[in-house]
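Chains as they are written, first to last, in the working numbering: chain A, 1 to 253; chain B, 254 to 534; chain C, 535 to 831.
Warning: the hint list may mix true and false statements.
[Stated by the list, open to error] 20 Å max Cα-Cα, derived PhoX-like pairs, lysine-lysine:
# : chain 1 : residue 1 : chain 2 : residue 2
1 : C       : K636      : B       : K258
2 : C       : K729      : B       : K258
3 : A       : K149      : A       : K131
Keep in mind that the hints were calculated from the coordinates and are not lab data.
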Amino acid sequence: MTSTPHISVQNLNVHIANQHILKDISINIPNKKVTSIIGPSGCGKTTLLKSFNRLLDNTPDVKITGKVLVDGEDIYDPNAEITHIRKKMGLLSQRPYPLPMSIYDNVAYGPRIHGNPKKAELDELVETQLKATGLWNEVKDRLKAPASKLSIGQQQRLCLARGLAVEPEIILGDESTSALDPTSTHIIEDLFIELKEKYSIVLVTHILRQARRVSDYIIFVYMGKIIEFGPTEEVLLNPKQELTKEYVKGFIS
Amino acid sequence: MIKRKLEELFIKILMILATILVVGSFFLIVGTIFSKGLPYMTWDMITKIPGGGFYIGKEGGVLNAIIGSLYVAGGATVSGLIISIPVAIFINMYLSGKNFITDVLRTVFDVLFGIPSIVYGAFGFLIMVYFGLRASLLGGIIAVTLLVIPLLVRTLDEVIRTVPGELRDAALSLGSTRWETAKVVLRQIRPGIFTAILLSFGRGIGDVASVLFTAGFSDNIPTSLHEPAATLPLAIFFQLGSPVEEVQGRAYASALILTIVVLIITVLSEILIKKFSKHKI
Amino acid sequence: MQLRLIKDKIISKLMLVFTLASVSLVIIIGVGLYYRSLPVLNNSSWGQLLSSSVWKPMKGLFGFYPFIMGTLWVTAISIIIALPLCLLTSFYLSEYAHTRVKRILIPFVNLLSGIPPVIFGVWGVLFIVPLVQNHIAPHFVEYSTGYSVLAGGLVLAVMIFPLIVSIVNEVLNTIPQELKDASLALGATKWETIKKVTIRKALPGIVAATVLAISRAFGETIAVLMVCGNNAIVPHSVFDTGYPLPALIANNYGEMMSIPLYDSALMFAALLLFIIILLFNVISRIILNRLERNLAG
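Required output: the full structure, derived from the provided sequences and hints.
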């Protein structure tokens, strides 16, 4: 890891309703790389991901200690400006959740709340982002149609375009392909690889092959702890820890 | 063995009879209202105000009460929404994560929902006395607003809770403030808001105990908030006691109109609720 | 940028104010009614007001006993009639009825709940009162006008049908099918399963529904007022007239400002209703909330 880390987690502990979900997590997420978080279901992968943009705040009975530094700024500092932090990170959730408005307005939503762009600027921006996610040719004739009319795969790409339109630095993906058909999955995976030129990407996935296909680094989480972290090939083909070995071989799931 | 079978059969027959009685009571009521009201239903009934005094005059219809009801129920629903939408949003968006507080708040609104309308009427009357208001359209709207707030908050709260947390997360992840996120959620629940409006309007248009002290009664259509207003339930209640047959007839016709209006509202809201739960993601 | 954050802050404060204001309605109503009842409370004690049968507003004598008894009579009659019928209906709908039958019948129960009280009153006058006068009372007493606590109880019973049926139905739907299957697999009939398993599981919910129904019946005004006869005398049989508390308030608002202490006495009646119904509602809501939470957790 030559470049400075983009997200730096220091001694993060998360309790939800008296359950210790994340135990003393410290990790550096590298800049402009794809990092996958793998681990059995219920191990805390998604909680870790959501701690990066403070979406955990809305969880009942949650207690968070420790630091998460993004570009050197502690996002859990009481004085931190939460909307600013979230703007830096685009989230792509398990299923697509288009906002209840048109395709165009979905992409334009972010730029509109964060500034006061002119119509021409918006048009250009929407086109750019829809092209970046390969959606432009499919939807250019029906930009005013409700986003919910798109197929699930198209909706997920729209959600990605929507996230990119606020010019984030980091993309967080929470099993973003689990609801999609194989073709859409392939398109999204290719997009991730393409996008790491400009963005740092963190993905949660339970599909090892996917982690191998797209990621540069892998974090293996088990029972709320980070067991192993390293370059993809090393973790998957030559794991140092016994637990990682068993997970990769399929003994733990 | 035979005894067990017989017991099963006996209880099943009893259950069917009970069900017929419970469901049948609806038809009995609607049937009674229709058969009594239909003979008095004329064009004049819904286009004219009563002539010659509401208690004795034989002429005219109940347009005053129809318009008054629309004013009271409509005004109360609008002002109720202005208060309850922020409350429902606050409970769900701003207090999310604070389970104890939201539980207490929800229970309080459930309890307020159970307070009978006569108590809201009496309290509305106290407010009017306190501010030196006289029985008027405004007084009626105030009392009915208090009456429908708990209904509106409960309905909106339930509807907002059907919105998946991920949609909220999606809006927040784009850097929205809580209020901007709330606006997205409100867009998502538009049919639910419409259901709440219908339910509130139905409750407001049918209630009499709350407007009894507060709205007054008038044969004329109110032209300002400070004039007394008639409503359909009041027209039924007052005119039913008249010795003049035509006036009683106006009560029956009013009952028929009110029943039809309320049934339409209930059916619409049922359909909406069904539709809405289908669109849940 | 900063502007949207300030906007969010201001809106959140506004919402807080709206929420606090509407929630504190419970307290404001109670305090307001109590404050207006003070004149009559200074005149006579709670004990006197609640236990005296003398109702002579012109002489400043306010005994609420007949009205309290009137309320209790109609409420008790309505619950005695409605509860068994509604339980049988709910069991039929949730355990026996075909889905198609259920889908047809349940909307009518909802429609019934939408009918306004005054319509129930008109129906009571047109149907229940003559029914009591001509078909029920002659079997038991020499003469009755039909305007009686029985008529009030019958009308109220129909009014609380939808409330009980919908809550009990919901509670029954939450009981896991596996539990019933376990009993059925042991060779029990459906009714035996209901009797021994389902009822036991649903009991808290049934109690909560009953308490809610009682409080609804307690506070119902106009429908009861129209069929009860309204005499300030303690009823001794179901065919006697009665004068429930809500009817007292509704019937006398016209003169309440013209007789000294009268308005205060009526506000005291409203306060009584408020306190009793508040208690009933809090109890049933706590039971129902706990049920809901047990289910979620």
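For this structure, which hints from the list above don't hold up? 1
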